[in-house]
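**Q** Chain order of the listed sequences is A and B. With the working numbering, letter number 552 in the first sequence gets 552, and the count goes up by one each step, no holes. With the working numbering, letter number 116 in the second sequence gets 116, and the count goes up by one each step, no holes.
There's no promise every hint is true.
Claimed, not checked - Taking lysine-lysine and the DSS-like style, the derived pairs with C-alpha atoms no more than 27 angstroms apart in a straight line are: (1) B:LYS50 to A:LYS638; (2) B:LYS273 to A:LYS665; (3) A:LYS668 to B:LYS200; (4) A:LYS665 to B:LYS37; (5) A:LYS665 to B:LYS233; (6) A:LYS603 to A:LYS113; (7) A:LYS93 to B:LYS37; (8) B:LYS50 to B:LYS163; (9) B:LYS36 to A:LYS93; (10) A:LYS113 to A:LYS257; (11) B:LYS156 to A:LYS113; (12) B:LYS233 to B:LYS170; (13) A:LYS570 to A:LYS603.
Claimed, not checked - Away from chain B, derived, C-beta distances all over 12 angstroms, residues of chain A: (14) ALA29; (15) SER103; (16) GLY191; (17) SER367; (18) LEU650; (19) THR697.
In short, the hints are calculated from the structure, not lab data. For every residue, glycine included, the Cβ atom is placed at its ideal position computed from N, Cα and C.
One letter stands for each residue in the lines below.
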Amino acid sequence: MGSDLSIGLSGLLTAQSALQTIGHNIANANTPGYSRQRSMISARTPDSNSFGPSGAGVTIDTIQRIKDELLSTQINDFTSFLGNSEVQSDTLKNIEAIYNELSDSSLNGMLGKFFTSIQDMSTSPELISTRYQLLQDAQNLVTFSFRSLSEQFTNLKVNVSQKIESKVATLNSLTSEISFLNRRINDIELGANNASANDLLDMRDQVLTKLSKLGDIRIIKNNNNSSVDVLLGGTLVVHGNQSEIITTSLAGEGIAKIHGLATANLNNGELNGLLNMQNVTIPKYMGDIDTLAASIIKEVNNIHSEGVGLSGGFTTLTSTNAVDSATASLTNAGLPYAPSVNTYTTGTVTSSDNADGTTTVTGVGTSFTGNVKANDWVKLADGNYYKITSVDSNTQLTVSGAYTNAGAAATSITDGTLYVTVTDSSDAMTKSSISIAADETLTTLSAKIGGIANINSNVTNGVLTITSDSGYTYNFTNEMDANPGSIGSSLTALSGHYTGDDNDIFTLSVVNAGTGTIGTGTALIRVTDATGKILANLDVGSSYTVGSYLQITDGVSMTFGSGGIIVGDKLAVDVTNDPDTSNLLSSLGINTFFDGNDASSMKVSQYIVDDVTRIAAASTGSAGDNTNALRLVNLQSKKLTNNSTFNDFLHGSVAQLGIETAERKSEKSSFDTLLTNLENRRQEISGVSIDEEMINTIRFQQAFQASAKYISTIKEVSDILMQL
Amino acid sequence: MTSRVNLETFISTTLANVQKSTSNMSRLQEQISTGKKVNRASDDPAAARKILSLRSEDLSLDQFATNLQTATHALDFSASTLENTSNILVRITELTMQGVSDGTDQSGRTIIANEINQLLETIMQSANAKRLGRYTFAGTETTTEPFVTTRDSSGKISAVVYKGNRESIKYNVGPNTNTLVNLTGEEVFMSSNLFGAIIKIRDNLSDGAITFARNELDNLDNASQNVLNAIAKAGGISSTLQLTANRIEETKLSLQEVMATAESADIAELVLKLTEQQSIFEASLSSGSFIFKTSILNYI
Numbered sequence: 001m002g003s004d005l006s007i008g009l010s011g012l013l014t015a016q017s018a019l020q021t022i023g024h025n026i027a028n029a030n031t032p033g034y035s036r037q038r039s040m041i042s043a044r045t046p047d048s049n050s051f052g053p054s055g056a057g058v059t060i061d062t063i064q065r066i067k068d069e070l071l072s073t074q075i076n077d078f079t080s081f082l083g084n085s086e087v088q089s090d091t092l093k094n095i096e097a098i099y100n101e102l103s104d105s106s107l108n109g110m111l112g113k114f115f116t117s118i119q120d121m122s123t124s125p126e127l128i129s130t131r132y133q134l135l136q137d138a139q140n141l142v143t144f145s146f147r148s149l150s151e152q153f154t155n156l157k158v159n160v161s162q163k164i165e166s167k168v169a170t171l172n173s174l175t176s177e178i179s180f181l182n183r184r185i186n187d188i189e190l191g192a193n194n195a196s197a198n199d200l201l202d203m204r205d206q207v208l209t210k211l212s213k214l215g216d217i218r219i220i221k222n223n224n225n226s227s228v229d230v231l232l233g234g235t236l237v238v239h240g241n242q243s244e245i246i247t248t249s250l251a252g253e254g255i256a257k258i259h260g261l262a263t264a265n266l267n268n269g270e271l272n273g274l275l276n277m278q279n280v281t282i283p284k285y286m287g288d289i290d291t292l293a294a295s296i297i298k299e300v301n302n303i304h305s306e307g308v309g310l311s312g313g314f315t316t317l318t319s320t321n322a323v324d325s326a327t328a329s330l331t332n333a334g335l336p337y338a339p340s341v342n343t344y345t346t347g348t349v350t351s352s353d354n355a356d357g358t359t360t361v362t363g364v365g366t367s368f369t370g371n372v373k374a375n376d377w378v379k380l381a382d383g384n385y386y387k388i389t390s391v392d393s394n395t396q397l398t399v400s401g402a403y404t405n406a407g408a409a410a411t412s413i414t415d416g417t418l419y420v421t422v423t424d425s426s427d428a429m430t431k432s433s434i435s436i437a438a439d440e441t442l443t444t445l446s447a448k449i450g451g452i453a454n455i456n457s458n459v460t461n462g463v464l465t466i467t468s469d470s471g472y473t474y475n476f477t478n479e480m481d482a483n484p485g486s487i488g489s490s491l492t493a494l495s496g497h498y499t500g501d502d503n504d505i506f507t508l509s510v511v512n513a514g515t516g517t518i519g520t521g522t523a524l525i526r527v528t529d530a531t532g533k534i535l536a537n538l539d540v541g542s543s544y545t546v547g548s549y550l551q552i553t554d555g556v557s558m559t560f561g562s563g564g565i566i567v568g569d570k571l572a573v574d575v576t577n578d579p580d581t582s583n584l585l586s587s588l589g590i591n592t593f594f595d596g597n598d599a600s601s602m603k604v605s606q607y608i609v610d611d612v613t614r615i616a617a618a619s620t621g622s623a624g625d626n627t628n629a630l631r632l633v634n635l636q637s638k639k640l641t642n643n644s645t646f647n648d649f650l651h652g653s654v655a656q657l658g659i660e661t662a663e664r665k666s667e668k669s670s671f672d673t674l675l676t677n678l679e680n681r682r683q684e685i686s687g688v689s690i691d692e693e694m695i696n697t698i699r700f701q702q703a704f705q706a707s708a709k710y711i712s713t714i715k716e717v718s719d720i721l722m723q724l
Numbered sequence: 001m002t003s004r005v006n007l008e009t010f011i012s013t014t015l016a017n018v019q020k021s022t023s024n025m026s027r028l029q030e031q032i033s034t035g036k037k038v039n040r041a042s043d044d045p046a047a048a049r050k051i052l053s054l055r056s057e058d059l060s061l062d063q064f065a066t067n068l069q070t071a072t073h074a075l076d077f078s079a080s081t082l083e084n085t086s087n088i089l090v091r092i093t094e095l096t097m098q099g100v101s102d103g104t105d106q107s108g109r110t111i112i113a114n115e116i117n118q119l120l121e122t123i124m125q126s127a128n129a130k131r132l133g134r135y136t137f138a139g140t141e142t143t144t145e146p147f148v149t150t151r152d153s154s155g156k157i158s159a160v161v162y163k164g165n166r167e168s169i170k171y172n173v174g175p176n177t178n179t180l181v182n183l184t185g186e187e188v189f190m191s192s193n194l195f196g197a198i199i200k201i202r203d204n205l206s207d208g209a210i211t212f213a214r215n216e217l218d219n220l221d222n223a224s225q226n227v228l229n230a231i232a233k234a235g236g237i238s239s240t241l242q243l244t245a246n247r248i249e250e251t252k253l254s255l256q257e258v259m260a261t262a263e264s265a266d267i268a269e270l271v272l273k274l275t276e277q278q279s280i281f282e283a284s285l286s287s288g289s290f291i292f293k294t295s296i297l298n299y300i
């Protein structure tokens, strides 16, 4: 009899428990990460009777959690992928918003406007209004494009580094939660028999999924108990009941560093994505903007420093960029960008003086390398530099100046030249050139400049000041010396503007003296360049009108005054395209337009802001001269920035950003879809179906009713027994 | 196909699709309201690069066109000023021929010499012509009067000195292309000694030195030819520039066409797509809500 009741009771209790589980499922139908639970019902161990075993009722063995472990792993993996793509896509979208290149007020537009202002100045160099416009557009370019971009990038970088810090804080709280759950799960599962800590397991899985969004994890199940160890990028962050604290520090503005985690081994996840953005991508695009700014500053300054403003020549100029030490080599003296001097050794040479005051330098067992040219300087054994006036052959040069030590000596050749033109009060010009060595210091440079007649130079606190004597002005243009001297006793004059690409030296020599005077007989003067190539044969015989101009080449014409000539008379004429081949003036900041060397330091020089007539549109003192402005305009079509024009470089950077952003966007979108599909799969297996639970409710409700009815029947039966 | 589908699955799938629909609609909306297919580089990186490059080229072409116009005006002004001078020289030649002929007496010659003097003053004005505040025939010394006269005691010009220079002024009218825009006083007036010839003719006529005056006719003819050559040179450059300007305009038109194709959105097509997207959106919402309503709870 007792066993009947207990059978009935077991039925009731089982039904009740089952209903409880069903209720739990229904209540948690919307809980994220919840796996439905199922009561595992089995018949109780049967009682032994004389007629064999008889049933003893029903019991709940365990409450089973329906979950697919493999699916969990897949979900975690793809969550990592998504985390990585998501943060990168978001940051790239921010970078795109900063660049904002397709809008109207973009860097592309402002750069274009800067050059159109230079164009406008080139068609009216006399006017102040076009110069003011240029100044305005230059300042807009600097402030609203370069500096603003630089600032926005810095802000973005700081933002990303802050995100990294907060993600690491989240990481720490997640890992500590996992270790805590490990302990509680062990308490349950190691305690009672076969118990399954279902809800806690679900919670731990949820936290693990959240963790995998931060970085790719590997979960290692402990063999002896129910904890899990978690490896994040190879670093053990959860070990049983313990978790590692990961720290961050700032190594400068916007550079967050993570300690305690082997970040190089992270392949996915938000941390990896953010670190990639902070350390690689943002610096890359910032770097592009900086490269463009540096290139523009340098190239504009190179040309600007070789021109003059409306006032013509200078009486005093001061360098804007101070050096750290006046005795340190200029290539290493703390200038925003260094001058570019090339020096190469040529082995040993001998030299012999010529009657006309020049020296022939011959290589001894060595030949001069192919890039030796006129206007380069040769350093001979006395330590002085001599200017190369012609390259006679692979092993022979002619240099100007007498050098009387004919012994063999090792030598070096430098191709840094600076031309200085000094004009007196009657407009007579004297053009001198000085050599720039690779190890030139500010002090030695000042001495060389000061050595030019009527020019004084001094160095104070690392700053160079160049002044001219009273009544004289000077400049650094590529204008030719209009009065190069006489050939024989015929006074010559030059006219025009040299349009060749390289600096050169034209040598005039009389090949036929006619009857010994200019303008008579069949007199002929041949003009050769420094390699000996014939440029022109000038007929100065009887058909030549003394004083008229004859064309040589490349925009240069010459006139010959009356005078005597004999065969062999020579005259060397400097023609210059680049009067400052090592861009010394530009790096020192002498007569320059921009200051700075990257996007954040770029600004228009105060020297220009103070007086717009200083903008160097000209190469001579004539008001209508726009030759330097035309040189500036020409910068747009030259490949000066990483072998591209300014525009091409910028466009390339924008396009690359666009490609990267588009790729990340589509990557994120496809991971999103994949993850949704995986989640649906999980729902299929572990999700609660209200309909199903409702039907189960009916089932167990009836079971309960039936058991209850059975108990009351047993009660009735026992009542009858009692009444016997 | 999934065998066990619950409400959660329906909801998440519907949500995902609804989000995709709204995101598509928002993108189409952006394209319609800006009128542009490409609003950021990531929309279409290759097209974005092309658009940027086209924009830069467009800006360049505009500037070239402006410079061409400025150049043409300068050259045309030089040419028309010199045409005036050329006509005056024709008149001076006529007068000189008249003056040296035997049929003219000294009083006649004096009158002719006076008229030639007046004409000389007019030529001086042309030589010192100014445009937009700049002297036209001064080379690059555009702010200094190029021709300076010395006058004798009676106020007549006795000598003319050229204070300008021989430099040419160029404007940038194409990539790596600069055009000459000026004629120097040296090449137009001084190299042929125009003023010298006229002054000699005038003085010799008033002195009655017919032979010397007649000898100058060759020089005067030379000088006139020089002026005509200068006019032809300026005119030649100007018409070449005009051709370049026309070509630039054609290039600009085709450039704008290419830009429009690359950049502009076809509004009609986009609105159609938007309508389509909208109906998909509505259908997924209504089918979703239909499914959500159906549950066993309605039947128990």
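**Q** Now, for every hint given, state plainly whether the structure supports it.
**A** Now for the hints, and whether the structure bears them out:
1. B:LYS50 to A:LYS638: 19 angstroms, holds
2. B:LYS273 to A:LYS665: 22 angstroms, holds
3. A:LYS668 to B:LYS200: 91 angstroms, violated
4. A:LYS665 to B:LYS37: Between LYS665 (chain A) and LYS37 (chain B) the Cα gap is close to 18 angstroms, so the pair holds against 27 angstroms.
5. A:LYS665 to B:LYS233: Status violated; Cα separation ~61 angstroms.
6. A:LYS603 to A:LYS113: Holds, at about 17 angstroms.
7. A:LYS93 to B:LYS37: Holds, at roughly 18 angstroms.
8. B:LYS50 to B:LYS163: 51 angstroms, violated
9. B:LYS36 to A:LYS93: 19 angstroms, holds
10. A:LYS113 to A:LYS257: Given that 27 angstroms is the threshold and the Cα spacing comes to 41 angstroms, the pair is violated.
11. B:LYS156 to A:LYS113: Violated, at about 52 angstroms.
12. B:LYS233 to B:LYS170: 15 angstroms, holds
13. A:LYS570 to A:LYS603: Distance of about 49 angstroms is beyond 27 angstroms: violated.
14. ALA29: 7 angstroms, violated
15. SER103: 9 angstroms, violated
16. GLY191: At roughly 33 angstroms from the nearest Cβ of chain B, GLY191 (chain A) sits farther out than 12 angstroms, so the non-interface label holds.
17. SER367: 36 angstroms, holds
18. LEU650: 8 angstroms, violated
19. THR697: Not fine: 9 angstroms to the nearest Cβ puts THR697 (chain A) too close to chain B.
Of the numbered hints given earlier, the model fails hints 3, 5, 8, 10, 11, 13, 14, 15, 18, 19; all others are met.
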